[in-house]
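Since the structure of chain A is already known, use the hints to place chain B on it.
Spelled out from the first residue to the last, the chains are:
There are 2 protein chains.
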Amino acid sequence: MTMQITTPAPQAPAIPGRGRLRPLGQHEVRITGGFWGERQDVNARNTLAHIGGRLESEGWLPNFDLAAAGTLPTGRRGREFSDSETYKYLEALAWEIGRTDDAELDKTFRAVVARVAAAQDSDGYLNTNFGHPGQEPRWSNLEWGHELYCLGHLFQAAVARERTRPGADDGLLPVARAAADLVCREFGPDGRSAICGHAEIELGLAELSRVTGDERYLAQARLFVERHGRGTLRDIEWGREYYQDDVSVREAEVLRGHAVRANYLAAGSVDVAVESHDDELLNALRRQWSRTVARRTYITGGQGSHHQDEAFGFDWELPPDRAYSETCAGVGSIMFSWRMLLNDGDPRYADLIERTLYNVVATSPSADGRAFFYANTLHQREAGAPVDPSATSPRAGSALRAPWFDVSCCPPNVARTLASLDAYVATADDTGVQLHQYVPASITTTLPDGRVVAFDVETDYPRDGRVRVVARSEGEWTLGLRVPSWASSAMVRIEPAAGDAEERTVSPGQVDVKRVFAAGDAVILDLPMQPRFTRPDTRIDAVRSSVAVERGPEVLALESVDLGGDVSDAVVDVSSPPAERDGRVWVRIAQRVSTDTGWPYRSTTDEPLADGVEVPLVAYHEWGERGPSTMRIWIPSAE
Amino acid sequence: MTMQITTPAPQAPAIPGRGRLRPLGQHEVRITGGFWGERQDVNARNTLAHIGGRLESEGWLPNFDLAAAGTLPTGRRGREFSDSETYKYLEALAWEIGRTDDAELDKTFRAVVARVAAAQDSDGYLNTNFGHPGQEPRWSNLEWGHELYCLGHLFQAAVARERTRPGADDGLLPVARAAADLVCREFGPDGRSAICGHAEIELGLAELSRVTGDERYLAQARLFVERHGRGTLRDIEWGREYYQDDVSVREAEVLRGHAVRANYLAAGSVDVAVESHDDELLNALRRQWSRTVARRTYITGGQGSHHQDEAFGFDWELPPDRAYSETCAGVGSIMFSWRMLLNDGDPRYADLIERTLYNVVATSPSADGRAFFYANTLHQREAGAPVDPSATSPRAGSALRAPWFDVSCCPPNVARTLASLDAYVATADDTGVQLHQYVPASITTTLPDGRVVAFDVETDYPRDGRVRVVARSEGEWTLGLRVPSWASSAMVRIEPAAGDAEERTVSPGQVDVKRVFAAGDAVILDLPMQPRFTRPDTRIDAVRSSVAVERGPEVLALESVDLGGDVSDAVVDVSSPPAERDGRVWVRIAQRVSTDTGWPYRSTTDEPLADGVEVPLVAYHEWGERGPSTMRIWIPSAE
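Chains A and B are the protein sequences, given in the same order.
The letter at position 295 of the first sequence is residue 295 when you use my numbering, and the numbering goes up by one with no holes.
The letter at position 418 of the second sequence is residue 418 when you use my numbering, and the numbering goes up by one with no holes.
These aren't lab readings, by the way, just hints derived from the structure by calculation.
Note that beta-carbon positions come from the ideal geometry of N, C-alpha and C, so glycine has one too.
There could be a bad hint or two in this list.
[Unchecked claim] Okay, the calculated beta carbon distance ranges per label pair:
hint : chain 1 : residue 1 : chain 2 : residue 2 : range
1    : A       : G191      : B       : E38       : 57 to 67 Å
2    : B       : T605      : A       : S576      : 48 to 58 Å
3    : B       : R192      : A       : T100      : 49 to 59 Å
4    : A       : S489      : B       : D582      : 51 to 61 Å
5    : A       : G191      : B       : D388      : 48 to 58 Å
6    : A       : G565      : B       : T605      : 38 to 48 Å
7    : B       : E104      : A       : P73       : 46 to 56 Å
8    : B       : P394      : A       : S576      : 50 to 60 Å
9    : B       : E280      : A       : A391      : 31 to 41 Å
10   : B       : G70       : A       : T74       : 26 to 36 Å
11   : B       : P608      : A       : S576      : 22 to 32 Å
12   : B       : R20       : A       : R584      : 49 to 59 Å
13   : A       : E503      : B       : D596      : 28 to 38 Å
So that you can see chain A by itself, here it is in the shape it has in the complex:
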């Protein structure tokens, strides 16, 4: 008997039509606990309701009701791009419903969609800030209006829903299609030759094309990508690089300008390049990724050093104390890297994703999921004042996590990332399955030739470096394991259900274990979790002669609450490696005895060092959880 194997489309963001690796969606990968499972639970239990409540109380969701009632602009609240937060919230709900099949959330989802749908004009236009009587006309301010940006997020929400609940009758996909059709008419080859000041529409259209099979959307996405760099947007104080309208995507050497815009555009450009078999464009994006990571990325994976324009600085311009490192830029960087990973299969992309997940995405939300960092500084020089949990912060660069912001892009961006995180854990190709992120999980998929691959991942990573993969299916396939670049002495050990174990040391990169698996066969990856000192490239002037401490994928931080004093004068002893004790990492810190002498620039600096004491560090993603504190990742070294 021959069985026709039909592989259902995975429940995953970004499903390219080709590439080295095939994404595995929520039905194939299920995170079952651990570091990320806990965060998914907090996201589901607290964060989604927190966001939904804020969207109501801030008036951003009621704006759609005003549009439907025809009473706009009276009573409209929020910034010009506030519609997009509702769409990201919808996307987060869609992934969460896909993940847990929560009926209450599904009800919420449908209710929100109904309100959004009611606000759509008959020709497909949908925006609560433009185009109604008494408002500025549609598309009248492409630099700052964010209309296409908002629609891009609408499309991502509709795609998430269609991938998790194909053919659902909630009406979101028709809303998205009507809007996309309008965009194609307005901005198509015969329409305005223009782009949006905030990239996102490219990504949304490309994904919508994948879900609907409608090639027009992909063609429109390609048009938008190709139009960047033609200077159709107005020159501004920060230059046209702010919105990536200075140089074409094809010619750019590096990501530049607004870090979220840059990453969103890059991710959308990968989608377009992949579907168009445009290798020149892919090469350009690969080049940009490499230089951006080599020269414009913080040790946390964070990107964007400018507060002013939320932008990348020049190469090597990475001040820790003025790190903006917007949470959304981290999310965008993951979207870009993930798409490159699917296309190229190179584990360095997954390395950056891991780093960014642990040190940007996990850093933003508080332990209870109801407060967030918008910016993620690497050095907090003054302890912030306690935050009112009921307030809305006007400050993106707050020193403590805030419940909500005047510009609140980050909370729903974290929420949609966590809710879809199962889809970033593993991929498949013709030979087997590749594990990119280590988290307790249950994985089952079918290879193109019909072989079923099923296994569990058991791990307490990153608390512990052991990852145990236990086969649930029988047969030959290849297990790909990413050995992170920092893992200089990793081991792989095979423990068959029956027979002798074997082990070998492995180098950073991807390790393939090809094997005829029996149920119960275990493959164990042991990653070295000794904390380590890390030094910056000498061209990163801002952290010269300083070291960071890392442990596995986690960057650690020194907080004043542990030091018992301000971190300004701390000097770390690097003569022996950081120690691990009582579940914490300790370093020896001496306090410099500094005194102001009126003018801080002198012919000599000769300041005594007090005796050092052992001080525990925290994971950077945990900092700021114990009240106001100063903090630093890079510590001057006494060498």
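Just chain B now, with coordinates in the frame of chain A:
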């Protein structure tokens, strides 16, 4: 015969009613050439006409004509504070007319005043951006409207005119008084308890009170000073510290927030404190000055590290590559320091003024006085594109000097400072005259007891360290000479017209030479001009393990045009001091051989150093004069 000695009010900005030192104005001190005399000439020949032309062509001066014609808001151009540029231009013209008695400039001055006066409402209100039919109402946006700020500059212009042409019939003083009277009615004890979002009115009113003798203006200035820190202005993303409305002036520990606002407020607060005999307030300002200089000031004297809010950062937050160091903040710092110097007589204030004059004020304008730096970075990482001399730059942080800016506060601020610079050279007290800045000059004044003190200053400073003071009058008086804090081995030599010379070494601070002078007696100060390496306080993380090179009061810079390559990889050899040869300063620079390795954070950094070569430096104020270049002041040291 007894003569009644009447000392005319000096032609000087800031004439306090009391203090250790009495300012000497343009009639008493005349700069006769040298570094600053040349710049005053360029200012007179080129800059003033350049500014006047731009005020016309940008529409900022014609805005007054529109107001007079009653046709506003139609046709109004420029930002909400553009009126103030006309007022600073008027102030610069007034000082220049006082300095050179130029009849053409006087005609220009009167013509501009006539246009301004015609725009004033009958009740004294004067602003082209508010209060006319079709515009926002008066005082409706105190946070951002800048109405009081503009008036403060109007008052400074009127004060400059009254001090240089007392009783002139041009009509400016009546315009100012009418506006000040309105301000006192609107914002007086019984009026709105409010402040302006940009300090300046305090200073303007205090000075106007001094010129007119009208105590109401001083009382109103005091009210504005005392109202800071009460949170009457709206909270914003950058916090109320942006406009110094977070903490009262009396309680603040340090300058914070917007660096121009902070310095203008501090200067106005000194005026108020001095006239009110408010020693508590003076103590607070002294404390703020000290901590700001010790912890929040660049080696150039520049202040303000944030581009986003043009603001001070936290203590020690002084990134050289993201130095904003706005030219206007330098001007404001000089106004603050000068007032403290007059009150306290402490030469450290004059030290900072010298540093800021040479490295901020002199840096901003190009050699021809027709282009300007708005921000003054200490590290230019990418060479800027050539600037169109006819264009208006939207960018404050341009990499090359630009002819004009959308916000063009800096050019007229430099112009008024240079035109009034004679008044910052020397002061007098009951015993004699103190020289604060070294420049060729002719000085004549009368002490309170009637003694006439007259002498010339001959010097090629800072090219040469010798300053020669030659008496033109006879009699006993005390010559005060400032020995800058960097001058560790200065000498003073007395060469009498007749008799033996004597000399002694002197320490930094003020040196007093008390003597019965005969005409022709010379006092020679020899300052050590050997270039020197300077090291930062270890708490300034951003320049750790780097050195700057200074020579006299000038900070030097390494430019790529001299290095023959980018400055990113430069390492300086500090084993022997910088050399002076052929009129330039040379250091030995090695280029680090750096290669990108994908991820810039590693367990070790071990990069070879190429052989060093001798490279000449330029004075920082000269950088960027030879086309696009990268540049750095702080150079990593090989020690």
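Going down the list of hints, with the structure as the test:
The given range of 57 to 67 Å is respected by A:G191 and B:E38, whose C-beta atoms sit roughly 58 Å from each other. In this structure the supplied range 48 to 58 Å is violated for B:T605 paired with A:S576, their Cβ-Cβ distance being about 19 Å. Distance hint check for B:R192 and A:T100: the Cβ-Cβ separation is about 57 Å, which falls inside the suggested range of 49 to 59 Å. A hinted range of 51 to 61 Å holds for the C-beta pair A:S489 and B:D582, which are about 57 Å apart.
Range check, A:G191 to B:D388: about 33 Å between beta-carbon atoms, so the 48 to 58 Å window is missed. Distance hint check for A:G565 and B:T605: the Cβ-Cβ separation is about 29 Å, which falls outside the suggested range of 38 to 48 Å. At roughly 54 Å, the beta carbons of B:E104 and A:P73 sit within the given window of 46 to 56 Å. A hinted range of 50 to 60 Å for the beta carbons of B:P394 and A:S576 is consistent with their spacing of about 53 Å.
Taking the beta carbon of each, B:E280 and A:A391 are about 34 Å apart, inside 31 to 41 Å as hinted. Against the hinted window of 26 to 36 Å, the Cβ-Cβ separation of B:G70 and A:T74 comes to about 33 Å, which satisfies the hint. The beta-carbon spacing between B:P608 and A:S576, approximately 27 Å, falls within the hinted interval of 22 to 32 Å. The hinted range of 49 to 59 Å is satisfied by B:R20 and A:R584, whose Cβ atoms lie roughly 57 Å apart.
With their beta carbons about 34 Å apart, A:E503 and B:D596 fall inside the hinted range of 28 to 38 Å.
Violated hints for the displayed structure, listed by number in ascending order: 2, 5 and 6.
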